[in-house]
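For the protein sequence lines, the chains are A and B, in the order given.
Its first residue numbered 1, the first sequence is counted upward by one per residue in our numbering.
Its first residue numbered 1001, the second sequence is counted upward by one per residue in our numbering.
Treat the hints as calculated values from the structure; they're not laboratory data.
Please note that a few of the clues may not be correct.
Claimed, not checked - Calculated pairs, EDC-like style, for lysine to aspartate or glutamate (alpha carbon to alpha carbon, straight line, at most 16 Å):
(1) A:K319 <-> B:E1040
(2) A:K9 <-> A:D45
(3) B:K1154 <-> B:E1291
(4) A:K319 <-> B:D1096
(5) A:K48 <-> A:E29
(6) A:K407 <-> A:D393
(7) A:K319 <-> B:E1204
(8) B:K1034 <-> B:E1291
(9) A:K289 <-> B:E1291
Unchecked claim - Computed far set for chain A versus chain B, every beta-carbon distance over 10 Å:
(10) Y75
(11) S115
(12) N144
(13) Q345
Note that beta-carbon positions come from the ideal geometry of N, C-alpha and C, so glycine has one too.
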Amino acid sequence: MTGQQIVIKNARIIDPAQGLDQKVDALIEGGRIARIDPGLGIPGDGRKVIEAGDRWLLPGLIDIHVHLREPGHEYKEDLASGLAAAAAGGFTSVLAMPNTSPPVDRAELIGSLLSKAKGLKGARLYQSAAMTRGLKGEELTEYNELKLAGAVAVTDDGRWVTDSAVMRRVLCYAQVCGLLPITHAQEGALSKDGQIHEGRVSTRLGLRGFPAEAESIAVYRDLALARLTDTPIHVCHVSSELSLELIRKFKSLGVRVTCETAPHYLHLTDEDVAGYDTDKKMNPPLRAKADQKALREAVKDGTIDLIATDHAPHSVLEKECEFMEAAFGVIGLETALSLTYELIQDLGLGPAKLVELLSLNPAKILGIPGGTLAPGSPADLTLFDPDHNGPYDVNTSKSKSRNSPFKGRNLKGKAVLTMVGGEIVFDAQEPTI
Amino acid sequence: MAYEHLSWPKDLIDLDQFTAEHLLAILDSAENFKEVSEREIKKVPTLRGKLVVLFFHENSTRTRLSFEVAAKRLSADTIALSASGSSMSKGETLLDTARNIMAMNPDALVIRHSASGAPLFLGERLACPVLNAGDGAHAHPTQALLDLMTIRQKLGRIDGLKVAIIGDIAHSRVARSNMIGLRTLGASVSVCGPPSMMVMGLREEYGVSVHSRPEPALEGADAVIMLRIQLERQSGRLFPGAREYASVYGLNAERLALAKPGCLLLHPGPVNQGVELTPEVYDCPQSVILEQVTNGVAIRMALLYLLVDNSERRNPAAAA
Ligand SMILES: [Zn+2]
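The following block holds chain A by itself, in its conformation from the complex (with noise of 0.2 Å):
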């Protein structure tokens, strides 16, 4: 198909990269954007014709933080089912966390996993590398080999380098060798045994809390060593208030911080886990009202960058049991679009943001292609219908797993077509692709 000349044609283009947000007709053409005119003026004659309606034409969402489970819990997710997901999510390039079993720590490894993913119909992958062998938070990966075999990020996900002197060494290596680091910014101690967000619900549902300053104290800590070193960092899902508010006075000390948060903190709170529900459990875990409007504020002023989804398939056997037993995690990638079309629409936003926090940023700040659709681009595209309306229903789910927080919740807006290097991976009219 990659050969084959497509036209969209009437779609409304939002590409806050050109500027742009007007009816246009785009041509692809060998896999890329060849033309984008807003005369309207493209011919169909002898190309596939797609016409866009009253669709949105975006570039291609991406998601720079999920778990696809591959290798170790395919029972839970594997490369087909998750790239499939995110494709039906809107989502043209995922990158994946490397706390699998065994941890992607191992250039071999990166290098089977992306090439598998090459011959799978679904979004991109790109994929992080351990930033510590084994996620042990004591010895360095190998950075340079990491980076030769594809990877383009370092991450101990899940965990949190406790180790100052390693995270400083972290921070000055993973610069030289041109790989995004990541944190997952959660101090040990005070976040032990923690099961939901210390507070009243916690206290009244009898669970071990972790409070939010266990974040917000690993949070300075490497926007500390990210100041002393000179070099990029980027932390993932932030959770609450304190820690934004570092984070926006060390982007004011010019300190090259980046930042993303997941839909289900803008959307929920912790009063959602009233009633044990183990598909609202995950870390770090839903926070105060407080908390929630900070993260709104800050989506609103550009403190954060970036929303990702921390999408993380987990089976009934990891959910359906006692609270203290689930395992963190929710899946995400077919939900983040709406959720963020509505968040936009909340915060009185354009939809120009909503492409920036959910591909132009993302492309930015990972240093991979797309985040727009300007000649020679990667075909990579979204068509979205803003006229959606209806309930999630998680069955539906490309997922293997089922552990959504939103089950049942009306969505606004949806992803009815993706298309990857120009070939079409997701169509809603076609359920079976």
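For chain A, the structure is supplied; the task is to place chain B with the ligand on it using the hints.
Frame of chain A; chain B with the ligand shown alone:
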């Protein structure tokens, strides 16, 4: 019986399911059942032919015996499942347990579990009433009800009383259920414990006053509930030691004198004498620790009766 107009939930999870009227109805019903316990033949046929499963995932001889006596006095059959010695110790999940219990087709399940929320989990999956006999640090509704019953017997009311709860509030399901029950019935409650054994939001969540020293909590109290300190778990960690605990938080005659004359002394047991209470206080006339045990059986009879009867009325087919 009276209160026929009240509707009852399928399960007993915590006291926040109930209005003051519900709570008083339970206490009244328990008073009637207490009278059964004082008869020569301590048995009524109320639940004859019914099966009550007692699932104690966490050891508790006292509570299990109390429920067992209660069920037997109502003429129910009982089966006790415990975690040790059954398949549970071989890694059976709570979902497996639920399915196995379901297969026994019981008329009620009594559950004690170390995980907060486990009774709710079973209640959502089983057709029969599930009675929480204590879950993690979450709730212990029958203990709180027997405390309420004991206080009402001795002082004639709950409304308007001042009750102090002292000890390890953070890990105490007894404290949580008591705060809810006492506040619902109009008592004012002050809680006190070492800061390392307190949790956030008690004032906002339960409407209680919070103290880090026992003296202000005890001042003018009509009743004081002392909580058991798990020294084996916490000694040297959350608190420097037992003697240190006793010296700051232990109830002695001098501290008890700050309360109202005749202030009741309750303790869910078993008591660490010399730690939570001095021996002289334990034996003082205001100590109602043994009445609590007697009332515990009556409360559990009342709840088994109310919920099994209620489930039959909600689902008459199942009763046939
Ligand atoms: Zn993480």
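Results for each hint:
1. A:K319 <-> B:E1040: Violated, because 51 Å separates the two Cα atoms, which is more than 16 Å.
2. A:K9 <-> A:D45: holds (12 Å)
3. B:K1154 <-> B:E1291: With a Cα-Cα distance of about 10 Å, the restraint between K1154 (chain B) and E1291 (chain B) holds, given a limit of 16 Å.
4. A:K319 <-> B:D1096: Between K319 (chain A) and D1096 (chain B) the Cα gap is close to 14 Å, so the pair holds against 16 Å.
5. A:K48 <-> A:E29: holds (11 Å)
6. A:K407 <-> A:D393: holds (6 Å)
7. A:K319 <-> B:E1204: Not satisfied, since the Cα-Cα distance of roughly 31 Å exceeds 16 Å.
8. B:K1034 <-> B:E1291: The hint holds at about 11 Å.
9. A:K289 <-> B:E1291: Violated, because 44 Å separates the two Cα atoms, which is more than 16 Å.
10. Y75: Given that every Cβ of chain B is farther than 10 Å from that of Y75 (chain A), nearest at about 16 Å, it holds.
11. S115: Holds: least Cβ distance 38 Å, greater than 10 Å.
12. N144: It holds; N144 (chain A) is separated from chain B by about 44 Å at its closest Cβ, greater than 10 Å.
13. Q345: holds (32 Å)
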